[in-house]
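Participant: Here is how the chains run, residue by residue.
Number of protein chains: 2
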Amino acid sequence: MTLSLALDTMGGDHGPDEIIPAAFFALENHHDIELLLVGPKTALDKIIAGQSSAHASRAKVVNALDVIEMDESPSSALRSKKRSSMRVAVEQVKEGRAQACVSAGNTGALMAISKYVLKMLPGIDRPAICTTIPGIDGHTHILDLGANVDSNAEQLFQFAVMGSELTSAVENISSPKIGLLNVGAEENKGNDRVKQAALLLSDSHLNYIGFVEGNDIYSGKADVIVCDGFVGNIVLKASEGLAEFFTHHTTAEFRKTMYGKLVATVSLPILKNIRRKTDPRRYNGASLLGLRGIVVKSHGSADKVSFAHAIEEALLEVKKNIPARIASRLEELLSKD
Amino acid sequence: MTLSLALDTMGGDHGPDEIIPAAFFALENHHDIELLLVGPKTALDKIIAGQSSAHASRAKVVNALDVIEMDESPSSALRSKKRSSMRVAVEQVKEGRAQACVSAGNTGALMAISKYVLKMLPGIDRPAICTTIPGIDGHTHILDLGANVDSNAEQLFQFAVMGSELTSAVENISSPKIGLLNVGAEENKGNDRVKQAALLLSDSHLNYIGFVEGNDIYSGKADVIVCDGFVGNIVLKASEGLAEFFTHHTTAEFRKTMYGKLVATVSLPILKNIRRKTDPRRYNGASLLGLRGIVVKSHGSADKVSFAHAIEEALLEVKKNIPARIASRLEELLSKD
Numbered sequence: 118m119t120l121s122l123a124l125d126t127m128g129g130d131h132g133p134d135e136i137i138p139a140a141f142f143a144l145e146n147h148h149d150i151e152l153l154l155v156g157p158k159t160a161l162d163k164i165i166a167g168q169s170s171a172h173a174s175r176a177k178v179v180n181a182l183d184v185i186e187m188d189e190s191p192s193s194a195l196r197s198k199k200r201s202s203m204r205v206a207v208e209q210v211k212e213g214r215a216q217a218c219v220s221a222g223n224t225g226a227l228m229a230i231s232k233y234v235l236k237m238l239p240g241i242d243r244p245a246i247c248t249t250i251p252g253i254d255g256h257t258h259i260l261d262l263g264a265n266v267d268s269n270a271e272q273l274f275q276f277a278v279m280g281s282e283l284t285s286a287v288e289n290i291s292s293p294k295i296g297l298l299n300v301g302a303e304e305n306k307g308n309d310r311v312k313q314a315a316l317l318l319s320d321s322h323l324n325y326i327g328f329v330e331g332n333d334i335y336s337g338k339a340d341v342i343v344c345d346g347f348v349g350n351i352v353l354k355a356s357e358g359l360a361e362f363f364t365h366h367t368t369a370e371f372r373k374t375m376y377g378k379l380v381a382t383v384s385l386p387i388l389k390n391i392r393r394k395t396d397p398r399r400y401n402g403a404s405l406l407g408l409r410g411i412v413v414k415s416h417g418s419a420d421k422v423s424f425a426h427a428i429e430e431a432l433l434e435v436k437k438n439i440p441a442r443i444a445s446r447l448e449e450l451l452s453k454d
Numbered sequence: 118m119t120l121s122l123a124l125d126t127m128g129g130d131h132g133p134d135e136i137i138p139a140a141f142f143a144l145e146n147h148h149d150i151e152l153l154l155v156g157p158k159t160a161l162d163k164i165i166a167g168q169s170s171a172h173a174s175r176a177k178v179v180n181a182l183d184v185i186e187m188d189e190s191p192s193s194a195l196r197s198k199k200r201s202s203m204r205v206a207v208e209q210v211k212e213g214r215a216q217a218c219v220s221a222g223n224t225g226a227l228m229a230i231s232k233y234v235l236k237m238l239p240g241i242d243r244p245a246i247c248t249t250i251p252g253i254d255g256h257t258h259i260l261d262l263g264a265n266v267d268s269n270a271e272q273l274f275q276f277a278v279m280g281s282e283l284t285s286a287v288e289n290i291s292s293p294k295i296g297l298l299n300v301g302a303e304e305n306k307g308n309d310r311v312k313q314a315a316l317l318l319s320d321s322h323l324n325y326i327g328f329v330e331g332n333d334i335y336s337g338k339a340d341v342i343v344c345d346g347f348v349g350n351i352v353l354k355a356s357e358g359l360a361e362f363f364t365h366h367t368t369a370e371f372r373k374t375m376y377g378k379l380v381a382t383v384s385l386p387i388l389k390n391i392r393r394k395t396d397p398r399r400y401n402g403a404s405l406l407g408l409r410g411i412v413v414k415s416h417g418s419a420d421k422v423s424f425a426h427a428i429e430e431a432l433l434e435v436k437k438n439i440p441a442r443i444a445s446r447l448e449e450l451l452s453k454d
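First to last, the sequence lines map onto chains F and G.
Quick note: the first sequence, position 272, residue 389 per my numbering, numbers continuous.
Quick note: the second sequence, position 227, residue 344 per my numbering, numbers continuous.
One chain only, chain F, in its complex shape (with noise of 0.2 Å):
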């Protein structure tokens, strides 16, 4: 069967120039897949023009117009633009064309427009917004990203149960461990809703393996780990702001002097792979969990390289039928209340 994948072209900070190559790139990689390019036709059209592909055939235009602005708000995205690219992108899912639609656009409106059009499951209030994030041992599934500001217990349970279900599919792990992200390890630390959620998590099936810390993000202690989206939104900016800071000082270093210049030159290999292995963005590609039809949202920086690897992530949750996981897995858990 061939899979086809929506892709909003006008998204992210780059939109269609990096976005177009990241598709072929994806259906030379690919030969069983076919990409609706959503956009204005005649642009994109063009564009593609200049890909020399011999899988031009498996490229489709489907045109949209509009486009989202990235400082748009979810609610005037929503109301105003119903052609835009994001918006017919995501209703190739609803409407069966596409099995998965990916964007690097405006976060809130993604999510607006994708619960509006897609729904959500049964048994989920809120979608949540779940990434990967590379650990000094493995690497570690967190969420909410910032879907939600103010989660209570319940929410922070079912994110519980998203990220399991994602994360046990597409690690192929059968009982994923799951830490819920609060200021320290004891019973008696936290606020209320952390608190409230770990007697819901302690009295589940799933492999609830209690309070963990910040700075177990990185250690790759669980293989998922629950937050709010406000918490989650800004670990997540502070870690790219503090890489970001790495960079500034190493290549202000290695440019202060001669010898450091010559340094840089022989060391250079070197920098570029830990610069890979340590980039927070190596994994581009979250997951928008708990709507009926898959969304992946690509940052909004991402060059070719990176947006080919959210249409991975896609096809990945595709293959693995997530969204049918999840609700399976929720119907289990409240059949037995």
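Since the hints were made in silico from the structure, they are not lab data.
Treat the hints with care, since some could be wrong.
Unchecked claim - Restricting the straight-line Cα-Cα distance to at most 27 Å, the calculated cross-link-like pairs of lysine-lysine (DSSO-like) are:
#1 G/K306 x F/K312
#2 F/K389 x G/K378
#3 F/K199 x F/K211
#4 F/K306 x G/K158
#5 G/K437 x G/K177
#6 G/K312 x F/K306
#7 F/K294 x F/K312
#8 F/K338 x G/K199
#9 F/K373 x G/K389
#10 F/K389 x G/K389
#11 G/K436 x G/K236
#12 F/K389 x G/K394
#13 F/K373 x G/K312
#14 G/K394 x F/K378
#15 G/K199 x G/K158
#16 F/K373 x G/K378
#17 F/K306 x G/K199
#18 G/K312 x F/K312
#19 F/K389 x G/K373
#20 G/K163 x G/K177
#21 F/K389 x F/K421
#22 G/K394 x G/K373
#23 F/K199 x G/K394
#24 G/K338 x G/K312
Chain F is already provided as a structure; the job is to place chain G on it using the hints.
Facilitator: For chain G alone, coordinates are given in the frame of chain F:
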């Protein structure tokens, strides 16, 4: 006038083995101070006898036999350890024998004891922990880092007042730029408490620059960043985790090949410089603000150099008279209501 500081010698991972040498280092650098070394007299006398210093006459042991464990609950520490080194050190400040206290011990216990013994300044509901974080462009004071886990808008506002006064005094900035940590820079972003705190800050005479995001912590965009302790604690620990992760991968990459080992040797001084500049603990010494007295918390894993930094921070706060400055600013703000 001779300034006097009380040091809890039994706090932290290393106790007196690192804290006593740090104390003597501070005595050598500051001829106008004396240090009250609080802990078990017999053991401390032995360690002090091993320090060949002309300054031993300015180091006075204050006997205290109990020790608060790093994982002890604040309430147990408060109730059952009335002669602990931490409690006695804080009491030196209360009784006017010291102008400040420094401890590397259990943060929750230090907070509870300081609040109980010293009491809060009028107009402040709860203490806040404030530390300095190095940035690409200068550095930033951030609070609260975990004294509280559920601060409301009024409390966030009080943190802003305290952070502004501290930063103004120690950095000699007349009107420090205050940012409120949030998931986006737009006014409609965030949870209710940050939106309400933003209104209070906008209405005040503080130099409020609006919402800042996680990545701004390391950019130096704001002089003071205000957040709830739940978020602040997790962000700070995540940064420590990410720094460890970078170090781990840097070391691993350089060790992988003979070529890497050679390059590591020539780049050693540069790598050391980078590590020094990017170490989030290089400004060790977090202030417990809002109390009627100066209490500085050192990182638990602090070594001699690092603990000496915390002593420097305490000295600076004594010289700048931080609690009195905060109290007078609050009185000014409250009288305007």
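Participant: Hint by hint, note whether the structure agrees.
Facilitator: Taking the hints in turn, this is what the structure says about them:
For the suggested pair G/K306 and F/K312, the alpha carbons sit about 26 Å apart, so the restraint of at most 27 Å is met. Pair hint F/K389 plus G/K378 holds up; C-alpha atoms about 16 Å apart against a cutoff of 27 Å. With a CA separation close to 14 Å, the supplied pair F/K199 and F/K211 stays within the 27 Å bound. The straight-line distance between the Cα atoms of F/K306 and G/K158 is roughly 34 Å, outside the 27 Å bound, and the hint therefore fails.
For a cut-off of 27 Å, the pair hint linking G/K437 to G/K177 stands: about 24 Å separates their Cα positions. Using a Cα cut-off of 27 Å, the hinted pair G/K312 and F/K306 holds, with the two alpha carbons roughly 26 Å apart. Restraint check for F/K294 and F/K312: satisfied, since their Cα atoms lie roughly 18 Å apart, inside the 27 Å limit. The straight-line distance between the Cα atoms of F/K338 and G/K199 is roughly 37 Å, outside the 27 Å bound, and the hint therefore fails.
A hinted pair counts as satisfied when its Cα atoms are at most 27 Å apart, and F/K373 with G/K389 qualifies at roughly 14 Å. The straight-line distance between the Cα atoms of F/K389 and G/K389 is roughly 18 Å, inside the 27 Å bound, and the hint therefore holds. Annotation: proposed proximity of G/K436 to G/K236 holds, straight-line Cα distance about 21 Å (limit 27 Å). Between F/K389 and G/K394 the CA atoms are separated by roughly 20 Å; this keeps the pair inside 27 Å, and the hint holds.
Between F/K373 and G/K312 the alpha-carbon distance is near 43 Å, which puts this suggested pair outside the 27 Å criterion. The suggested pairing of G/K394 with F/K378 holds, with an alpha-carbon distance near 18 Å, which does not exceed 27 Å. Proximity of G/K199 to G/K158 is assessed by CA-CA distance (about 17 Å); at most 27 Å being required, the pair is judged to hold. At roughly 22 Å between alpha-carbon atoms, F/K373 and G/K378 fall within 27 Å of each other, so this suggested pair holds.
At roughly 23 Å between alpha-carbon atoms, F/K306 and G/K199 fall within 27 Å of each other, so this suggested pair holds. Pair hint G/K312 plus F/K312 holds up; C-alpha atoms about 25 Å apart against a cutoff of 27 Å. Taken as a hint, the F/K389 and G/K373 pair is honoured in the structure, with Cα atoms around 14 Å apart against an allowance of 27 Å. At most 27 Å may separate the alpha-carbon atoms for a hinted pair to count; G/K163 and G/K177 meet this at roughly 13 Å.
Proposed proximity of F/K389 and F/K421 is supported: the alpha carbons are some 18 Å apart, at most 27 Å. As the CA atoms of G/K394 and G/K373 are separated by approximately 25 Å, the hinted pair is consistent with the 27 Å bound. At roughly 50 Å between alpha-carbon atoms, F/K199 and G/K394 are farther apart than 27 Å, so this suggested pair is violated. In summary, the hint linking G/K338 to G/K312 is supported, as the alpha carbons are separated by about 20 Å, within the 27 Å threshold.
Hint compliance for this structure: hints 4, 8, 13, 23 are not met, and every other hint is.
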